[in-house]
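Residue numbers (our numbering), protein chains in the order written: chain A, 1 to 179; chain B, 1 to 179; chain C, 1 to 179; chain D, 1 to 179.
One or more of the hints may lead you astray.
Same chains, same names: a pair is fine if it fits in one copy or spans any two.
[Said to hold, decoys possible] In the DSBU-like style, the derived pairs of lysine-lysine whose C-alpha atoms are separated by at most 30 Å in a straight line are: (1) 123 / 179; (2) 57 / 8; (3) 179 / 129; (4) 179 / 121; (5) 179 / 133; (6) 179 / 57; (7) 123 / 57; (8) 121 / 133.
Note that these hints are calculated values from the structure, not bench results.
There are 4 protein chains.
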Amino acid sequence: MQFVESQKTYNAALQLLAQRGVRIQDIAEIVFFLQENYISGLTMDRCEESVHAVLQKREVQNALITGIQLDMLAEQNQLISPLQEIIASDESLYGIDEVMSFAIVNLYGSIGFTNYGYVDKLKHGILEKLNDKRNGVHTFLDDLVGAIAAAASSRLAHRVRREAEERLQMQREFNLTAK
Amino acid sequence: MQFVESQKTYNAALQLLAQRGVRIQDIAEIVFFLQENYISGLTMDRCEESVHAVLQKREVQNALITGIQLDMLAEQNQLISPLQEIIASDESLYGIDEVMSFAIVNLYGSIGFTNYGYVDKLKHGILEKLNDKRNGVHTFLDDLVGAIAAAASSRLAHRVRREAEERLQMQREFNLTAK
Amino acid sequence: MQFVESQKTYNAALQLLAQRGVRIQDIAEIVFFLQENYISGLTMDRCEESVHAVLQKREVQNALITGIQLDMLAEQNQLISPLQEIIASDESLYGIDEVMSFAIVNLYGSIGFTNYGYVDKLKHGILEKLNDKRNGVHTFLDDLVGAIAAAASSRLAHRVRREAEERLQMQREFNLTAK
Amino acid sequence: MQFVESQKTYNAALQLLAQRGVRIQDIAEIVFFLQENYISGLTMDRCEESVHAVLQKREVQNALITGIQLDMLAEQNQLISPLQEIIASDESLYGIDEVMSFAIVNLYGSIGFTNYGYVDKLKHGILEKLNDKRNGVHTFLDDLVGAIAAAASSRLAHRVRREAEERLQMQREFNLTAK
Chain A
1 MQFVESQKTY NAALQLLAQR GVRIQDIAEI VFFLQENYIS GLTMDRCEES
51 VHAVLQKREV QNALITGIQL DMLAEQNQLI SPLQEIIASD ESLYGIDEVM
101 SFAIVNLYGS IGFTNYGYVD KLKHGILEKL NDKRNGVHTF LDDLVGAIAA
151 AASSRLAHRV RREAEERLQM QREFNLTAK
Chain B
1 MQFVESQKTY NAALQLLAQR GVRIQDIAEI VFFLQENYIS GLTMDRCEES
51 VHAVLQKREV QNALITGIQL DMLAEQNQLI SPLQEIIASD ESLYGIDEVM
101 SFAIVNLYGS IGFTNYGYVD KLKHGILEKL NDKRNGVHTF LDDLVGAIAA
151 AASSRLAHRV RREAEERLQM QREFNLTAK
Chain C
1 MQFVESQKTY NAALQLLAQR GVRIQDIAEI VFFLQENYIS GLTMDRCEES
51 VHAVLQKREV QNALITGIQL DMLAEQNQLI SPLQEIIASD ESLYGIDEVM
101 SFAIVNLYGS IGFTNYGYVD KLKHGILEKL NDKRNGVHTF LDDLVGAIAA
151 AASSRLAHRV RREAEERLQM QREFNLTAK
Chain D
1 MQFVESQKTY NAALQLLAQR GVRIQDIAEI VFFLQENYIS GLTMDRCEES
51 VHAVLQKREV QNALITGIQL DMLAEQNQLI SPLQEIIASD ESLYGIDEVM
101 SFAIVNLYGS IGFTNYGYVD KLKHGILEKL NDKRNGVHTF LDDLVGAIAA
151 AASSRLAHRV RREAEERLQM QREFNLTAK
């Protein structure tokens, strides 16, 4: 069996993110923005941890490497026409960037759909910077960053629920013992 | 070949929408809200026409009939546990409503994803009413209405573009003749 | 925070599966059929373990509970027309069953899409039985079972790869030490 | 408003398809293979007409142009590592090709999912040729061709149904008149 090792795709994805000006912290800030009203006592540390977990997924790494590569080629004017003009101008009817982002969100279930759409419209934090054409071509990257943030939010929502259920269970056992 | 006729599913979908308090105009208002900043001279008539076109699609009718049926059964307390509690309380980890909505948005391509997420978060217009638990169980319907509005918006965006291209073409032909 | 506990949705999903005549082993057999040519030394135990892991996911439980509930209501002739006729006859243009199944497959990434379509067409094993109208209404269940099998196959493929990578890594370290 | 005209994306998609050795007829043959048992009197002409209609969709053109561009860059060894190795070897855990294909199938509703998975596994007709590594890199193209065929099949199924409904309606009107 011949294959490309996960360590390689993981390292490449992280390196490309850094190279294109996106820090884990920037994505975590979007997660915090999306979840602070729903999760009491939410910390930035917890958001960063969730972003890290999402980045461990091979599908996420694949989407990042492919999307950033297309952004870079468009920046270097090396794509065939009209793909070159479409990606360079972030053409409004393109949609392949959304398709790729959607595959990321899906990994943590459908509850992340609305978060993805919401941050994409609002252009919160790093998304505003990526969306500014003066900072280079980020047609794919801005959608992918929003998708990773939405996925990390879904993951957090599932985790927080599990913890609440565990506390409830412990409480029940305690009550039983106390009787 | 045995089958259920389109006229039947279309009529049922429209009747159920009306019965649950949603008018075409209510959905068109969300379309207007989503598109007024992007389409100059947009009218409510045009938005309504687009909503009507989306409702012609069999997939949309199927989703509406299925979702509204589940809402109604939950309202009448006729579902098995825990599905009854999940739909009646619009449980945050459910997600099947989003899955169905998503199938509607997809019919007009990926450019509608973000609009769907955006209106779902904002609870604009009729969505606020549907989301108010005192008005009955609308766990599926509020998502489906948002999805139809997002789909109708995508459809409009494609149409408006086509018209702009046709004008451009006519202009070119005019210039050629004028030389 | 009010919510429906995971233990409840998990138990309900498993009980409904059993009640409708589907054993974990039946789903595992489809996984085995899909993967035996790709994974050397594959055992039924390993396939069953993977099916169990997929069934732990809340999204999968939600889809099962919703789909089986609709199948049962159609069997009892309790749905509104024309949804009743559509589900009872497994109407070929329906598609909501596929939409739900797809949400399950997506949880393990896009590599499961083709496996889902393949087993659905072939009606392998339990799927043939579920597809026989004389055995009751299983419009949703046959698609959901195929989707769970496809998801469990994707999960296995990711695991097997990880193990191969770990063996490779150990080999490298051994070679380094041996020098 | 600045944009890339549909005529341009349409022409580019068709030209790239031809350049990479795929004729409309090849895709139509897959449609015929998928539908001949379901549609009595199906002709190759009708299948070709359906493929042409699918190719009119902007989303389909976008997916083709993007996917074929990535295939070509991999063939010319011009992608960054490890994307180069992943696409050149059609790495089994990649999945972005499936994600893009899926966006095409979705445009005609969920009933096309299973057809897509089925032809992808079977490698019918042109798909076998595209899948042969000696004929160049077609990691994206083979999936996209299968997706276009599946979409054209869904479109046909919807059309054939509509025609049957129209015949039924005419029959009813005739009977009414004849009384």
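Structure-based check of all given hints:
no.	hint	verdict
1	123 / 179	neither (54 Å within a copy, 46 Å between copies)
2	57 / 8	both (13 Å within a copy, 29 Å between copies)
3	179 / 129	neither (59 Å within a copy, 46 Å between copies)
4	179 / 121	neither (54 Å within a copy, 45 Å between copies)
5	179 / 133	neither (66 Å within a copy, 37 Å between copies)
6	179 / 57	neither (46 Å within a copy, 34 Å between copies)
7	123 / 57	both (25 Å within a copy, 29 Å between copies)
8	121 / 133	both (16 Å within a copy, 27 Å between copies)
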